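Chemist: With chain A held as given, fit chain B onto it using these hints.
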Amino acid sequence: MKKNQLIDAIGLLDDAVLAETDGGGADGTELGTAVVTASENKATIKRRFRIILVTTVILTLIGGTAAVASGGIGGFLNLGNRIKIENGGELLQHEYVAYGDARVRTSSIRGAVNKDMKTMPKTMKDRPLWSNTSPNTVVKRYEDIEDAIDYIGYSKLVFPKTDYPFTHIYTEVTGFQKEDSSEFKPGVICFGATQRYHSNPEYWFSTSIYIYTDSWPMGNVGIHTAVTDQATYTSEERRVNGRTFCIVLQEDPSYSEGHQLSTGIFWQENGVFYYFHIVYPEELREEAEKVAQEWMESFP
Amino acid sequence: MTEAEIVELYRKRDEEALRVTQEQYEHYLMKIAMQILNDEEDAKECVNDTYLAAWNSIPDNKPERLSLYLGKIVRARAVDRVRYNTSEKRRASEYTVSMEELEEVFSDDRSPEDELDAAALRDAVKGFLLKQPAEDRKLFLERYFYFRPLKEAAEQCGMSEPKAKSILFRMRKKLKAHLKKEGFTR
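So the sequences go chain by chain: A and B. With this note's numbering applied, the first sequence corresponds to residues 356 to 655, in that order. With this note's numbering applied, the second sequence corresponds to residues 495 to 680, in that order.
Bound-form chain B, shown alone:
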């Protein structure tokens, strides 16, 4: 079944939409959640929250790419959950590893009152990414959007792990400079 057909099932409030979504996207969504959470139980819960969110939201929204739409939701749910979990006990996952990598880009050098505009920051990151070679951009997203392990992200982009590591290192440096120029870091 195509994505558009599944979206149509949601819009018709046909519960078949949930079954098909689970059948076609469960692995994809579990993978994103697991890479962030490293906990099957939590990941499963986030994935099911995602089905629910899709069920509630698609009458109002008509996603062009259902997979990306679901992927964004599950990522947000998983990030939310890992923050809650790590406030109690730090757990090693690709999320925490990625966070450590991104720390060099965006250190906590501002006060909590120094709230950033999320949309402006997103646009700045997008502006930066669009200036990067397509291959590097894909690698960055595999690593920091989907939280793929480095080795796997490298494989996805058809490059060696050391090369991917080196590209990401350079990208983080460049992103840091870009965000500084845009006034997001000092």
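Looking at chain A on its own, in the form it has when it is part of the complex:
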């Protein structure tokens, strides 16, 4: 605890002290020896399909100069970006970007989240920017999925309900200021839950839901994933109850035993991005496929 505070205190040192250094390589030196290798990525197994929405949107805005492939699937444009890693291998990032502007009107968000936005200017003002939390982000945990839906208050938001027990329900809302306004509005709303589908707690699936409002400054939005160059990565479209889902199957031998298979499913409706992710061992492949199918069928 206290050594953490020492690390924090060093992080708060003012520019006059830090200016003596060369800025840690601010001149644009190459990545150092700490560059991760594909095999080291095993530690990130549970987050290998981490959704990096902020990343995605900013990269979309900036433009991916290393794009190597593109194609459409479901309601998404699939952009591929290769990232070189130290051992000579590559990470292949997939960005699933919605066609057109998928943001919803800020005024359509009517839940208690708006009350939290009102306290944000003070939070932003009072906290040093480099504190270890984002002052413009509000994170909340819930026992009941309905409470999370109520908190957001978007009438077109649904949650694909399956019978598996919840282990974690949360919302994470990032507020944004419109130009010439001191007022914060919900800009990116993340709403997610994890559910256990097997007695082994290592195996669970997650539902991650994202809403971008027109308070978010950029138009194109989407979902961002990354895999190593060792992954076998296939995608397909599947039509379930009138909806066409984008399904991505991945097998990556660089990940640890029991976590080499995963399935991601993408869906976008009424300005809401839905993302399902499940990791499973070979012996649970059928079980995982069943869970994925139930998830798609559970949309009301």
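Hint data in this document are derived by calculation from the structure and do not stem from the laboratory. These numbers were taken from a predicted model, which means no experiment stands behind them. The C-beta atom is built at its ideal place from N, Cα and C for all residues, glycine as well. Any given hint might turn out to be false.
[As the list claims (entries may be wrong)] Short derived list, chain B residues pointing at chain A, Cβ under 7 Å:
{"#": "1", "residue": "R569"}
{"#": "2", "residue": "L596"}
{"#": "3", "residue": "R616"}
{"#": "4", "residue": "F622"}
{"#": "5", "residue": "Y638"}
{"#": "6", "residue": "K659"}
{"#": "7", "residue": "I661"}
Modeler: For chain B alone, kept in the frame of chain A given last:
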């Protein structure tokens, strides 16, 4: 483009600011994040959080040194992330190695209720650093602010790795004594 010009783009809410920031500072920010996280995916996310934080904050702030401003943000984001990650599974990175080194300075000998004043601690660390020779101070910051690997921090300061190790060892001892004198450790 100069730092001041980039800051001006932020203040004008010109999205070109983000493109230029990425172009000029991506390697620098990724390097800081990678040294702490040792995970490219997490590091990338922290760097993009940093762009976002800069976009949101610079209308209100006018950093004199944009690189340091961004560096502080990405460091804080990465430290936050590594703490979250290591609560699940310890991962070897320069952050964890540095933490082990700093443990001898600031061991957990207080109760959780014994909360320290962050600003007072920062001032105490700053006071200590300002009394150190400039070369040692730079080495300390390369190692514990930027979490550079020891060898690289030594190279940055134009000294051998054993010498850097020895200087840091002595500095940690002196910092411990300084913090004890200032009432931060027992």
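Chemist: Should the interface hint for R616 of chain B be scored as holding, given a Cβ-Cβ cut-off of 7 Å against chain A?
Modeler: holds (4 Å)
Chemist: Does I661 of chain B pass the interface check with chain A, least Cβ-Cβ distance below 7 Å?
Modeler: violated (15 Å)
Chemist: Hold the hint about K659 of chain B up to the distance rule: shortest CB distance to chain A must be less than 7 Å.
Modeler: Since the shortest Cβ distance to chain A is 17 Å, the answer is violated.
Chemist: Using the nearest Cβ pair, does F622 of chain B come within less than 7 Å of chain A?
Modeler: Violated. Min distance 11 Å.
Chemist: Report holds or violated for the interface hint on Y638 of chain B, using the least CB-CB distance to chain A and a cut-off of 7 Å.
Modeler: Holds: closest Cβ of chain A sits about 5 Å from Y638 of chain B, inside 7 Å.
Chemist: Was the hint right that L596 of chain B lines chain A, CB cutoff 7 Å?
Modeler: holds (5 Å)
Chemist: Close enough to count: is the Cβ of R569 of chain B nearer than 7 Å to one in chain A?
Modeler: With a minimum Cβ separation of about 5 Å from chain A (threshold 7 Å), the hint on R569 of chain B holds.
The structure fails hints 4, 6 and 7 (numbered hints given earlier, in ascending order).
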